[in-house]
Each structure stands twice: as structure tokens, then as C-alpha cells.
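**Q** With these hints in hand, go ahead and build the complete structure from the sequences.
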Amino acid sequence: MLNDVTFGQYYPVKSFVHNMDARAKIVFMIAYIVAIFLAKNFFGLLAVTAFLIFVVLLSRVPFGRVLRSVKMILFLIIFTAILNLFFYSGESSYQPLVEWWIITITWESIVNMVFLALRLFLLVMGTSVLTLTTTPVALTDGIESLLTPLKWIKFPVHELALIMSIALRFIPTLMDETNRIVAAQKARGADFETGGLIKRAKAVVPILIPLLVSAFRRAEDLGDAMDARCYSGAKGRTKYKKLVFTWRDLLGLLFLGGLITGVVFLNIYLGGKFSILGYFL
Amino acid sequence: MRIVAKDLTYTYNPKSPFATQALKGADLVIEEGEFFGIIGHTGSGKSTFVQHLNALIRLTGGSLTVGDYDLSDKKCKFLELRSKVGMVFQYPEYQLFAETVEKDVMFGLKNFCKGMSEEEKQKAVREAIETVDLDYEDVKDRSPFELSGGQKRRAAIAGVIVTKPEVLILDEPAAGLDPLGKQEIMQLLHSIHGGWCKTVIIVSHDMDEIAENCTRAAVFSEGKVVMEGAPAEIFRRSDELIALGLDIPVTAKCARILKERGIEIDTDFTCDDFISKVLALYARSGGVSKADTGAARAEKADAQGGAGDAQ
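In order, the protein sequences belong to chains A and B. So the first sequence is residues -12 to 268, counted in this note's numbering. So the second sequence is residues 8 to 318, counted in this note's numbering.
These are computed hints drawn from the structure, not numbers from a lab. Be a bit skeptical, because a hint or two may be false.
[Claimed, not checked] One-sided and incomplete, this derived list gives chain B residues near chain A with beta-carbon spacing under 7 Å: (1) LEU63; (2) MET94; (3) TYR101; (4) GLN102; (5) GLY115; (6) ASN118; (7) TYR143; (8) CYS204.
Backbone N, C-alpha and C fix where the C-beta goes; we use that ideal spot for every residue, glycine too.
**A** In C-alpha cells, the structure reads:
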């Protein structure tokens, strides 16, 4: 029942992308998002798409796996797309296609809708490549390392990273626990699949309460275990796995720099997103 | 209800790198009235197997019938089946959720017996709580989270047996309990076995528990049933069990040590039988047979200590 929640779960294979430094990958990711939002026309997005496909091929994660993460937010994409289609009121140089009540659909709003949906799609695909190819531990280590400057203003970077890694670490544990509790309650005749909204919401109570109780129990145990090992925060703490910046990361960043430059050039020479209409109409 | 499983296969997370085949063609028949033991390593497929029996895991390969219910049939009444095949998971106390013990125990009844009157339900709850040896008046209005560990477990078991299932499956029912608690749980199972509960199936790591309590047992290994029969037959093949990385009962350990010294003992590996056979041997060799139980118990303690030393 809950096995579908593999959204962004680490996919254990060996590849160029998997071997990159987590910090580089995070920077990479931010630059990738910047590239998506820099692109003003479809050619720019096309370049980003081509880049994404290349990275996914390089990471050896099956496309289906990456696409599955989009499934989670498909509703959001469709919702924003529809809103944009109906209520986008750009300046149209063409005849509106539909005008009814407060809804106007123009060629521009269609283009705008496709453009936005594509952007969101690329955004989610890209971010899931990051989580699919980086272990949660490496990811939090990377974030901690990147946030180091904040330590100068006494921001508890290490603690933040620890909270994140604990939260990530316990997702599968709690997921297992949930499955077990669901099975136990099902064995006692609980029914989670039929009935109206209120009945279904009520049916969740026998799962949530034991889950909460066990989460608190685990938290307490973990706290005790950390105390027993004399955990005292970041001070004097060393890392088991050190992040190393290698030629792969340099290569990747150079490549991404190329992508951003390319997108900017496409923006300058090929006009805005609506110019595509000029080719067809 | 007779349980017949043929060539059962099951794979977790199919078509992904996390795919693990838990069952690779398991065949097993459990007759009505048995006190059945299921032995196996973690990951041998035993938990997956028992979860098939009340359709918590849907059949994907092979065939399985439980009484008149054919689980390969899509139209099979799964809810009805679950009321007849009770399932007590490992650490069942973690499934408690209601404000009071009474409400928690009633949960199953509310789900299964929708037509039942309020008084009948209350009566059934009272009976279930008393069956597991808790004081109904004392615990019924208390929060299940206030109870002690052993009491919580018994309250959780009450929540399963309240519908009087014909088959009761327990996954490691005694795990994490002290010796007295273990004994009490086993006594509880024997007291309900043979009444409305016709078949008891326990999944266990504790070989002594299997040797002492079960009428028949099966050993799971790598998704298959590799041994099946009365505990005496299974533990006679203790070499094979050890080769599989499994434990053997204390009595079997003692029998092995004696065998190394050239003394063969024909026993069914329950403590009582083992001790009486040893005592008979002792008497025959010229010693004095100590019939009174106090002495027998002391002997048993010695035997266990000896096994421990040899380990």
C-alpha cells in the first residue's frame, strides 16, 4: 500500500553522477534550476531537457524511476496548467479562441500553459535525479558543508544537518512501522479502502496513534543512545566519509556553465516564449 | 480449517533493484487441530507465508486454500476469512491505540460483527479479556498505554481473539518477555487450543518453545519448506538444522553431547521425556532412579547447565 512512496529514494547503482561530490551536485542542482528559470523560450527549455536526458542516461537510473517522482506532483502540474490556461491574461496579438464568462483562452495562454507545465516538470525531474543519485547522508553532509559560512553568525549548521539526516534516516523505518501497523489493524478487520471521506479519515486513527507512540519511543531511545556515546554536537567532531571535490565535479560544473551560457544566448537570439507562435500562425 | 499451500511464491518490490523473492515455491499442509510451529531464519519467508494465510498479502503465485476459502479466487470473502484466521503480530502491543482497553479489544468486533448487539459485544470483550488472564473490572477503563509490558501484550492478544478465530497465528508471541511471561503466554495458547480455536500456528526462533508445545512443525529456509514433521523428527536431524544456521533445543544439545560419549537416547526432545529417559538409563546402569519431581527438576537444571558449558 505504501510501497509507492519511493519519491526520490536513493537508487543504488554505480555511475559518474553517483560518484560526484554531493556539494557539487547541490550547486549543480541550483544552477540547473536557475537555467530553467532563465530560459525565456522553448529552445532554452529544449536545451535544458536535452541536458537532463543526458544526465539521467549518465546516472544509469531508469527513466521510469525518474518519471515516477513526477507522478507525485502531477496533480499540481495539471492544476497550475488549467489555472494558467483559463486566467492568464497576457496581451494577445491574436484573436481569442474562447471567451466565456471570466474565462478567456488565447493562443498565448496555451503557450504559457505548456511552458509552465514543462518548467515544473523539468524542475521535479531534475531534483529527483539529485536524490536518486545521492545518499541522504551524503546530501546532508553536502548541505552542512555548503552552509559552513553561516557558522560565523552562530547559526547551528551542524545541528540542522543532524536533524535533517535523522529525519531522512527514519523515513523508511517509520514506513516499515506503518506497514506493520496497517497489517495488524487489517488483521483485526480494519478497512482502509472503502467508505466516504469521513469514514476513511476515521480509519486512519488506529494507525496514527500507534505510529506516534512508536515515533516518540524511538526518539527517546535515539536520544539515550546518543547520550551514551557522549554526543555533544559539532565541536571536535570528524567525518567518517569526507567529501572530495574531483575532476568529475569540475567537469560537471564546466558543463553546466556551458548550459547556462547557451540558454542566455538562446534567450538573446531567439526571442521570448511567444515568438514560437510566429512560426505556426 | 485445513490449510493447503502449494508452490507459493512471492516477491517484494517486484521490478526494482530492491526486489527480493521471499517465497520460492513453498508447499505446506496444516491440518485442523494442530499446534503448529514454524521455524526459520529472519528472511526465510516464514512471516510472508503466514501473512498469506489471512490474505494480508494477496496471493501472486501458487495456490492456497484455508478451509473453504480459496485465496486465488478474486471473489473470496477476505473480511470473513480474517475474522476466522486471527493474526497476532510480533510485539502486538504496538498496535494498541484506543483510549481504553475495552474499546481497543472491541475494535475487531466492531469491524467483523456489525450486526452484533451492544451487550453481546460487551460480553465477548469481557470473555476475551478474562481469557488472557487480565482483570476485566480493573483494566477495562484504563488506557492500554498504562499497562505493564506483559499486560499490554495480553490485551493486544485479547483484541485478536475477541472474534474467536478458528485459526490463530502468532508471530514470536513470547519475544521480549521474561521466562515467566513466556510460560504464561504458552499456557494461554494451550488453554484456548482445542476449544473454539482449533488450530494454533506459532512462528518462533525459540526451539525449546517448539519442542515443548508443538504437535508438528515446519522449517523454512530461503523461501521454501525444507523440513516438516513432528518436533521429535525434526530435532532428530539436528545436524541439518545446525547446517542451516538454526538453533536446536537444549534437550537436543544434551542428546548430542551424550551421543558423542556413545550414549544414544531415544527421546521426543521435550524436557520431561528427555529427563525420564535419562533417569531410566541412569537407573539401569546401577544408579538409583529419583522419581520425585523435585529431584527431576534439579537433574534438568544440571543438564541445561552442562549444555551451556559445552556451547
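**Q** For every hint, state whether the structure bears it out.
**A** Taking the hints in turn, this is what the structure says about them:
no.: 1; hint: LEU63; in the structure: holds (5 Å)
no.: 2; hint: MET94; in the structure: holds (4 Å)
no.: 3; hint: TYR101; in the structure: holds (6 Å)
no.: 4; hint: GLN102; in the structure: holds (4 Å)
no.: 5; hint: GLY115; in the structure: holds (4 Å)
no.: 6; hint: ASN118; in the structure: holds (3 Å)
no.: 7; hint: TYR143; in the structure: violated (19 Å)
no.: 8; hint: CYS204; in the structure: violated (15 Å)
Comparing the model with each numbered hint stated earlier shows that hints 7, 8 do not hold.
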